[in-house]
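Put together the whole structure using the sequences plus the hints.
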Amino acid sequence: MQTEKISYPLIVKPDIGFRGLLVEKIDNEKQLKRYLEKYTIDIVIQEFIDYKNECGIFYYRNPNEDKGVISSITIKKFLTVLGDGSSTLYELILQNKRAVLYLKQLVEKHKNTLHIVPKKGDEILLSVVGNHSKGTQFLDGNHLITQKLIHTFDELSKSIQGWFYGRIDLKYNDFLEVENGSNFKILEINGIIAEPTHIYDAQHSSYFKALKAIRTHWTYLYKIATVNHKEYQIPYKSSKLFLNEILELRAYTKKIKTFSNKKN
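Residue numbering for the sequence shown follows my numbering, starting at 5 and increasing by one per position.
Quick caveat, the hints were computed from the structure, so don't treat them as lab data.
Just so it is clear, CB atoms sit at the ideal spot from N, CA and C, and this is done for glycine as well.
Mixed in with the good hints, there may be bad ones.
[Said to hold, decoys possible] In silico PhoX-like links for lysine-lysine, alpha-carbon gap of 25 Å or less: (1) Lys56 / Lys37; (2) Lys71 / Lys101; (3) Lys80 / Lys213; (4) Lys81 / Lys29; (5) Lys29 / Lys258.
[What the hints assert, rightly or not] Derived Cβ-Cβ restraints for the label pairs, each shown as a range: (6) Glu192 / Glu127: 19 to 29 Å; (7) Glu252 / Gly125: 41 to 51 Å; (8) Phe52 / Glu235: 37 to 47 Å; (9) Glu192 / Lys123: 30 to 40 Å; (10) Leu98 / Glu249: 36 to 46 Å; (11) Thr257 / Trp222: 12 to 22 Å; (12) His233 / Lys113: 17 to 27 Å; (13) Lys115 / Ser186: 33 to 43 Å; (14) Val104 / Asn248: 35 to 45 Å; (15) Lys259 / Lys123: 24 to 34 Å; (16) Thr117 / Tyr236: 46 to 56 Å.
Right, here's the structure in full:
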C-alpha cells in the first residue's frame, strides 16, 4: 500500500472475481486485518475511486485492423434510498422494493446508522460496489456509443498488448470525459469470459436477445483467435488444459461462495 500510495478507504476483493462476492470497502487497518484473517485467499487491494458513476464498455478489434467495435455499454445504477424527513434509514430500506431484497447485507453494512432519519430529498447511497449481488442495477447504455468513443477505445486497446476482446469496467464523473479519453479510471479489464452486461437490463433485453448477443460476441472471439493463431503463431490452448482450468475455476468459485455464505 505504501509503495502504490494507496490509503484508506480502499477496496479489497478476491484475486479472481465472481459476481461481486467478498468485494468490500475497507475504511481502516482494523477492518483490513479482520478481512485478511477471515478469508484465506489471494486478494487484490485497489484504491477507492470516489467518482460518481460506473459503467462497463465491451470492445473488440481484429488484430489486423486499427479500428474496433464497441458492442455494449452498461450504465450501473447504484442502490440508493430517498429520505422523506420522517423515516429512519432502516424503514426506508424496508419501503424500497429493490433495497429490501438485500436487507440482510444492508443491515450489516449500515448497522451504525440505521436509526438515523435522513432529511427529505437526501439520496442515501447504500452500496459502492457495481455488481448485481450488491443491489446495483444494470441499464442499457448503447445509445452512448459514438465514433469518438470508439476512437478512444482503439487507442486504449493498442496500449494494452494482446488485448483485443473484452469488457472494461470504469468509474467516471461525466461520460463526455470518457468519450474524450480523459478523467476516468479503469477498475477491471475482463477478457474472454466477459459478458456484454447490457443484456441484464430487462427493459431493453430478453432471454433470446441475450443469447443472440452472446453468440455474436463468441463469433468475433473465434475470428480474433483464428487471426492470432494463423498470422501471429499464437498457439491454441489445449482442450485438456482448458478443461482443467475450468475445473479449478469451479472449485475456486465454490470456495468463494462458501466464504460468502459464512459471512452472511
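Holds or violated: 46 to 56 Å for the Cβ distance of Thr117 and Tyr236?
-> Holds, at about 55 Å.
Go ahead and decide if the range 36 to 46 Å is satisfied by the Cβ distance of Leu98 to Glu249.
-> Once the Cβ atoms are compared, 43 Å apart, the range 36 to 46 Å for Glu249 and Leu98 holds.
Assess, step by step, whether the Cα of Lys29 is no farther than 25 Å from the Cα of Lys258, and give holds or violated.
-> The given pair, whose Cα atoms are some 23 Å apart, holds under the 25 Å limit.
Evaluate the given range 35 to 45 Å for the C-beta pair formed by Val104 and Asn248.
-> Check passed, 42 Å falls within 35 to 45 Å.
How does the Cβ-Cβ distance of Glu192 and Glu127 compare with 19 to 29 Å: does it lie in that range?
-> holds, 26 Å
Can you let me know if the beta-carbon spacing of Glu192 and Lys123 is within 30 to 40 Å?
-> Since the Cβ atoms of Glu192 and Lys123 sit about 35 Å apart, the hinted range of 30 to 40 Å holds.
Assessment of proposed distance window 17 to 27 Å (beta carbons of His233, Lys113) = About 47 Å separates the Cβ atoms of His233 and Lys113, which means 17 to 27 Å is violated.
Does 24 to 34 Å hold as the CB distance between Lys259 and Lys123, or does it fail?
-> Cβ of Lys259 to Cβ of Lys123: about 43 Å, so the range 24 to 34 Å is violated.
Between Lys115 and Ser186, is the Cβ distance one that fits in 33 to 43 Å?
-> holds, 39 Å
Honestly, do Phe52 and Glu235 meet the 37 to 47 Å range at C-beta?
-> Given about 42 Å between the Cβ atoms, the range holds.
Is the hinted pair Lys56 and Lys37 satisfied, with a Cα-Cα distance of at most 25 Å?
-> violated, 28 Å
Between Lys81 and Lys29, does the CA-CA distance stay at or below 25 Å?
-> Holds, at about 18 Å.
The structure does not agree with the numbered hints 1, 2, 12, 15 stated previously, though it agrees with the rest.
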